[in-house]
Amino acid sequence: MRGGKLSIEVLEGGSGDPLVYLHGARSLGGWNPHLDRLADRYHVFAPCHPGTGGSTGLEHLDDLWDLVLCYEEILDSLTSRPYHIIGLSYGGMIGTELAAQNPAKVRSLVLVGAIGLWLDESPIADIYVLGPEERAKATWHNPASEAARAYMAQPEDPEAKREAELSNIEALASTGKFIWPIPDKGLRKRIHRITSPTLMVWGKSDGLVPPVYADEFQRLIPGSRSVVIEECGHLPYLERPEEYFQNVFDFLSQS
Amino acid sequence: MKVSFFHLMPYQSLPDDFLDKHRSAWVDLPNSNFDPQQGRHMYDDYLDELQYADSLGFDGVCVNEHHANAYGLMPSPNLIASILARSTSKAALIVLGNSIALYQPPIRVAEEMAMLDVLSGGRLVAGFPVGTSMDTTFAYGQVPIQLRERHTEAHDLIMKSWQTREPFVFNGKFNQLRYVNVWPRPLQQPHPPVWIPGSGSLETWDWVLQRNYVYCYLSYYGYLRGRRVLDGFWERTAQLGIDDNPYRVGFLQLVCVSETDSQAEQDYAPHVDYFYNKMLRVYGPFAESPGYRSIESLRAGLRTAIGTNAQSSTSQPVGWKDWVEQGHVIAGSPETVRDRLKEAIGMLRVGHLMCLLHIGTMPKELTYKNMELFTSQVLPAIKDTWAEYPDPWWPSTLSETPQPVGHSGDS
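Chain order of the listed sequences is U and W. Counting from 1 along the first sequence, just add 3 to a position and that's the residue number in the working numbering. Counting from 1 along the second sequence, just add 4 to a position and that's the residue number in the working numbering.
Hints were generated in silico from the structure; no laboratory data involved. Since the structure is predicted, the reported quantities are computational estimates derived from the model, not experimental observations. Incorrect hints may appear among the rest.
Stated by the list, open to error - Below, a list of computed lysine-lysine pairs in the BS3-like style, where the Cα atoms sit at most 27 Å apart: (1) Lys-188(U) - Lys-177(W); (2) Lys-192(U) - Lys-177(W); (3) Lys-373(W) - Lys-325(W); (4) Lys-94(W) - Lys-325(W); (5) Lys-207(U) - Lys-140(U); (6) Lys-8(U) - Lys-373(W); (7) Lys-387(W) - Lys-346(W); (8) Lys-108(U) - Lys-164(U); (9) Lys-140(U) - Lys-108(U); (10) Lys-207(U) - Lys-188(U); (11) Lys-25(W) - Lys-140(U); (12) Lys-164(U) - Lys-8(U).
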């Protein structure tokens with residue numbers, strides 16, 4: 004893109020209506036079972052955020068406005084049809100910005116534990132300073148569950164472990180460019196432009212982005228709907244996959 | 005050899021249970037821990053010590069900038085330097101420095117430093133650190149991955165503002181100014197010497213060398229570990245075909261002088277302990293925000309100057325014996341200190357030595373003792389090192405007249 008200044012890695016799979024999957028503040032880390040489930044029914048595009056995975060050129064994106072336009076250009080180049088967006092956490096903020104920037108292109112919007120708003124009385128956790136235990140506690144309803152342990156498992160080989168850490172730091176540094184030190188960059192002033200059907204899916208035990216944010220998104224997006232899943236943290240697709248996929252697929256098929 | 009007196013101005017009265025109750029002396033240590041009445045006396049003592057350094061014949065006095073912490077009570081080093089501009093007469097005022105990425109527009113720094121240079125009769129050394137992760141990205145909320153870009157732009161603006169005699173337009177990414185016109189302008193021409201404190205980031209070496217500035221390695225892990233960084237710096241200097249004038253490097257060393265080696269331990273151990281165990285207590289993530297340093301620097305495994313928990317792989321020394329043996333502190337009788345300092349100076353090839361002679365909770369009398377023994381019995385032995393090299397990175401007004409060699413305290 005842009006004469007070679009930007010290069011965005013987009014994972015792609017499945018067939019059907021176009022669906023854009025926007026990952027969180029850490030790296031996407033390749034194709035995953037979540038994408039597999041979505042690709043059973045949709046043509047999935049999963050871009051890696053600039054500066055993460057194989058996406059380069061972050062230094063040419065000065066601010067959120069640059070980033071949103073960059074996404075608009077990528078998605079335009081991938082499909083001419085309106086697309087569904089599923090945005091997780093940081094990806095939810097980007098998805099909401101896209102839906103507000105160009106409402107006609109977004110067929111529906113699913114926000115999962117999304118950031119982008121700020122409530123002084125319920126601050127979003129500072130993911131940059133949480134220790135491993137605090138982070139596990141905030142991310143999962145049950146940090147001891149099989150899903151949680153599998154997600155948090157680290158490579159045994161020290162070199163592989165270090166590389167994974169570095170890649171994680173690089174992703175946080177890159178996405179942090181648009182949300183440091185507080186993930187509130189004016190979305191509240193633009194969010195009224197959204198016209199697509201919108202669904203919030205939140206875990207009731209989300210300790211990173213408390214469920215009160217689902218209410219706030221719902222309040223600000225007219226006609227939107229919110230589903231809060233019991234015994235579930237920040238990653239419903241891993242901790243409560245059945246409820247998650249059922250809600251998401253029901254919503255998408257009606258949109 | 006230029007030998008300067010460095011002051012951190014630590015807060016001395018952290019509660020005994022600080023280590024149990026708080027994870028960090030930086031960023032989130034509540035300021036209820038700061039007692040302003042005691043703070044006032046600390047500032048008084050610290051200014052006395054800095055002024056005494058001038059009268060004892062130190063080549064320079066050094067101050068620096070830190071935020072939201074108990075480790076150094078100088079969020080604005082310029083305030084302290086402005087007092088010293090009037091109350092000292094011979095020493096260079098080494099402001100190490102202003103974290104220029106934090107100020108918008110950074111013209112404010114250009115103005116204040118120009119004031120300091122004029123006020124002091126041209127004795128300013130201008131330090132432009134990137135700043136620690138704690139200060140810049142947490143206490144001042146800067147975006148880590150943009151910090152260096154912001155720093156470079158601020159530097160470019162300040163340097164141009166000092167050297168341009170007509171108003172000019174600056175159309176930067178972070179700063180847009182239709183009229184840049186700094187009043188007053190510095191006394192030193194074309195500008196005060198520029199020193200860049202670095203903490204071991206690879207990217208800083210090239211940045212400094214390309215601009216022909218002094219690279220200062222400020223760390224508390226002493227010359228034996230500092231060698232690893234400075235060997236890298238000198239290697240890079242050679243690769244770029246640049247000369248190896250030792251005055252390209254500044255280095256900070258903790259020094260404790262007493263009558264004998266064992267007396268040194270008795271005099272200084274508790275204060276050094278307070279410094280290492282309380283002042284340097286930094287919660288790991290604060291020391292290394294993601295993007296603060298490049299992935300290349302992280303991969304190279306270099307340590308940050310302060311806050312080693314984030315990536316420390318070696319066990320930390322815990323007591324006097326370890327600090328001294330590992331060279332974190334050069335301590336002992338005048339003979340011991342002389343020998344080890346000479347070794348350090350040669351090993352690191354350092355022309356600008358900055359000595360931390362007030363450490364942690366040291367009271368003024370003990371600091372004076374340390375300063376007096378240092379200037380009378382250590383300084384003369386190292387003063388003439390590197391005499392064959394010119395020092396173009398020293399205030400030009402001070403280079404013109406020979407500096408007095410250290411003498412015993414008589415102020």
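Each hint, compared with the structure:
no.	hint	verdict
1	Lys-188(U) - Lys-177(W)	18 Å, holds
2	Lys-192(U) - Lys-177(W)	24 Å, holds
3	Lys-373(W) - Lys-325(W)	21 Å, holds
4	Lys-94(W) - Lys-325(W)	37 Å, violated
5	Lys-207(U) - Lys-140(U)	13 Å, holds
6	Lys-8(U) - Lys-373(W)	60 Å, violated
7	Lys-387(W) - Lys-346(W)	10 Å, holds
8	Lys-108(U) - Lys-164(U)	40 Å, violated
9	Lys-140(U) - Lys-108(U)	37 Å, violated
10	Lys-207(U) - Lys-188(U)	25 Å, holds
11	Lys-25(W) - Lys-140(U)	21 Å, holds
12	Lys-164(U) - Lys-8(U)	31 Å, violated
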